[in-house]
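S.K.: Protein sequences appear in the order of chains F and W. The numbering of the first sequence is our numbering, which starts it at 1 and goes up by one. The numbering of the second sequence is our numbering, which starts it at 1 and goes up by one.
Calculated from the structure, these hints are not laboratory results. No residue lacks a Cβ here, since even glycine has one placed at the ideal position from N, Cα and C. Mixed in with the good hints there might be a few duds.
As the list claims (entries may be wrong) - Some chain F residues close to chain W (C-beta under 8 Å, calculated; not the full set):
{"id": "1", "residue": "Gly45"}
{"id": "2", "residue": "Ser51"}
{"id": "3", "residue": "Glu68"}
{"id": "4", "residue": "Gly133"}
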Amino acid sequence: MSAVLVTTTINGDRTEFVCETDETLLDALRNRLGLTGSKEGCGTGDCGACSVTVDGRLVCSCLVLGVEAEGCEVNTIEGMADGDVLHPLQAKFIEHAALQCGICTPGFLMAAKVLLDKNPNPSEVEIRFALAGNLCRCTGYDKIVRAVKAAAKEVRKR
Amino acid sequence: MSAHDVMPDIELYQPITVEDAVALAERHGENGWLLAGGQDTYGWLKDRAKHTSAMIDLNAIDALKGIRELAGGIEIGALTSLTEIQNNSSVVAKFGLLAEAVAHVASPQIRNMGTLGGNLVQDTRCWYYRRGLSCYRAGGNTCYANTPEGMNREHAIFGASRCVAVTPSDTAPALVALEAQMVIVGPDGERIVAAEDFFVGPNVDIRSMTTLETGEVLTAVRIPGKWATSEYYFEKVADRNVWDFALVSVAAVMKLNGGNITDARFACGGVACVPQRLPAVERAVIGKPRNDETGLAAGAIASNGAVTLNYNHFKVPLIENLVRRAVRG
Ligand SMILES: Cc1cc2nc3c(=O)[nH]c(=O)nc-3n(C[C@@H](O)[C@@H](O)[C@H](O)COP(=O)(O)OP(=O)(O)OC[C@H]3O[C@@H](n4cnc5c(N)ncnc54)[C@H](O)[C@@H]3O)c2cc1C
Ligand code: SF4
Ligand code: FES
Ligand code: FES
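Just chain W, with the same shape it has in the complex:
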């Protein structure tokens, strides 16, 4: 079924401004494909599971690259490589949560080529879908994962709606926890969307994991100063310690005053189509000391509302324990 070694014919465009990229993306519509580091893209194309007649390479657009200081926070160009983010002194000093999440993505090779924008916009790893089966997400009328025989060990425990696929991104939960803003440029100009609203579940759009419309380019991610230098916790559990996608991950930021938690935000990867916020956990820990007792109580409610499939029950204790560890520090 797959032909991993060769790519289909590609007409390549290499614009040097965002305006030209947007114009090309608009002109080619559904047939256009934005290319950043290509680390998700080429898998799709080589497998013939997705197609494009016009590849719009964003790599020549310098305005999309680099890390800039903002009042209190930072702005990261969408085309900045994950390695650059991982090693950037200001990211490390202010937003250690993001630096750590980035360091957990894939392998050194993939972090060297992969970009932040591509990491956030990459499509789900559900293998039925990636194999090119015509499931709901691919425009068909069935879900292969959510059947009595379906292999759904990696799939969702929250927010399923016909599709039970999960977000593959390690940086997405960190950016949702940090209240990042996504800067998007399209044919009608710029719009700014909170990270939390940028990712959408199948109940909103079963064909796309983000709010990006055809013709729109994610240009930058802005992280406000609010959580700079706060306490944080990141942990990702995968079948292989490095290189593999998260089964469950937790990204948390907390503010402390005299040992008590005064503010907190939690987001989890690998459990839903979007980074899963845990508002009940946040409410439960605010005002409490950061210790194991608080962690145990918070962990116990982290899985509230979970709906398991045949093979992913293990994600319930996993999210409970990860939240417990995040809280106790």
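The following block holds chain F by itself, in its conformation from the complex:
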């Protein structure tokens, strides 16, 4: 085991952190950088609560090593709102009550954002497939899908 200096860009800011080779990106984000928005639901790739993007790709940060982020652009839920202005996805999740305990929410929002960035007019089937790697144990998926649909409409207006 050895500590490695990792240089990344996180939510647009150049960020350096030191982490052990056996540390996951999720642990590095939460424990080294204080970015606790990404959650650990399972640690095994099943739930998607830890979803972040690395160079634009949606990944489970619990199944990526921190050192693999070297030279990459990482985006997390902390970078989604623009200052105090919520992203339409965040606003619509609140409006549609698409969350209860909130553990799964950052992951759903990240997955939904990757979808809308690529396809601002997704069908319900496309939404459901894009969110297939995210599990919610409280809200159920219906409200989440509706919130994403409503947010897509907002995004298209912009």
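Model the placement of chain W with the ligands on the given structure of chain F, informed by the hints.
M.R.: Okay, now just chain W with the ligands, sitting in the frame of chain F:
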């Protein structure tokens, strides 16, 4: 028993050439572990069900990545991500069967990190084994799944030999159907193995699901032009439509001439330790029209030789019906 949130200490190596990776793998022998996307690996390590003292990360080796045209066919580097394969225009145009199989793997997140090599070499999902129990496959002297109390709903109906575990890979049956070749580099140089011979059952090696030896790296998968743009069918049945492993899957390619099937290859996932070829089905459909009548007859023999366990009888009608649907199109 499990500690999902933390990983054990790992000494990480990041070679940039295949030669260096092979040398490291040879040097560390049984203690070395090749790392691709990690989507199978970290589960094992976090559960403490398998151990390594030297993680050899293949991600910095550019030669292992990307999709190249071959005369008629294509070559896919082992470290190419599943998402890249799913979206590659030449894979989609020539080998829609593979594109579709890849699209059925796990979730978007896992396809973004998971590689083709890792998907093919990943170990079985038998939960007794994954929980670290000392069964035959783990070097012990019993099988926990094949007992009167064993939970074996997901287990094999073909080719069991002490171990009744099944292949978890969705891409493996597609590549066996497409007659792919595996390019393997080891300490003694390169060898090329047909996909069908790359996967081995417990009768050949109860500890490993592939012919890979310690120190060997799968570098690429070559798909010959033979089945390019042929008719194909892929269907996977799982408890959850996406994200879950196959209970049974069918991957088929067929050539047609005037409505009649002139050549065909079928391979099934989730029913044996290896992708299960169905030679009797292939023989039965060649020369016949591609319709439901042929499908019904082919389906009826798809389960010939099946041996069921306590909880997996449902796989018999499932494979029969999937083959029927594959044939009728
Ligand atoms: C929640 C979840 C759901 C899943 N669902 C599915 C599913 O539906 N279908 C499916 O097919 N899979 C599924 N998987 C398994 C998933 O791990 C694989 O699909 C993934 O492709 C593995 O690739 P990887 O590159 O991440 O493998 P890794 O974890 O990096 O490697 C897996 C194994 O292969 C070996 N290896 C990797 N590359 C090479 C190489 N080039 N040469 C030699 N050995 C190599 C490694 O040493 C390791 O033993 C799922 C996984 C999870 C966590
Ligand atoms: S089926 Fe195979 S892997 Fe599972 S418990 Fe039996 S011997 Fe072990
Ligand atoms: S915590 Fe990463 S997928 Fe559940
Ligand atoms: S809101 Fe609690 S898990 Fe989704």
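S.K.: Can you verify the interface hint for F:Gly133: is its Cβ closer than 8 Å to any Cβ in chain W?
M.R.: holds (3 Å)
S.K.: Let me know if the C-beta of F:Gly45 comes in closer than 8 Å to any C-beta of chain W, holds or violated.
M.R.: holds (6 Å)
S.K.: Using Cβ atoms only, decide whether F:Ser51 comes closer than 8 Å to chain W, and label the hint accordingly.
M.R.: holds (6 Å)
S.K.: Take the shortest C-beta to C-beta distance between F:Glu68 and chain W; is it under 8 Å?
M.R.: holds (7 Å)
Consistency note: the structure conflicts with none of the earlier hints.
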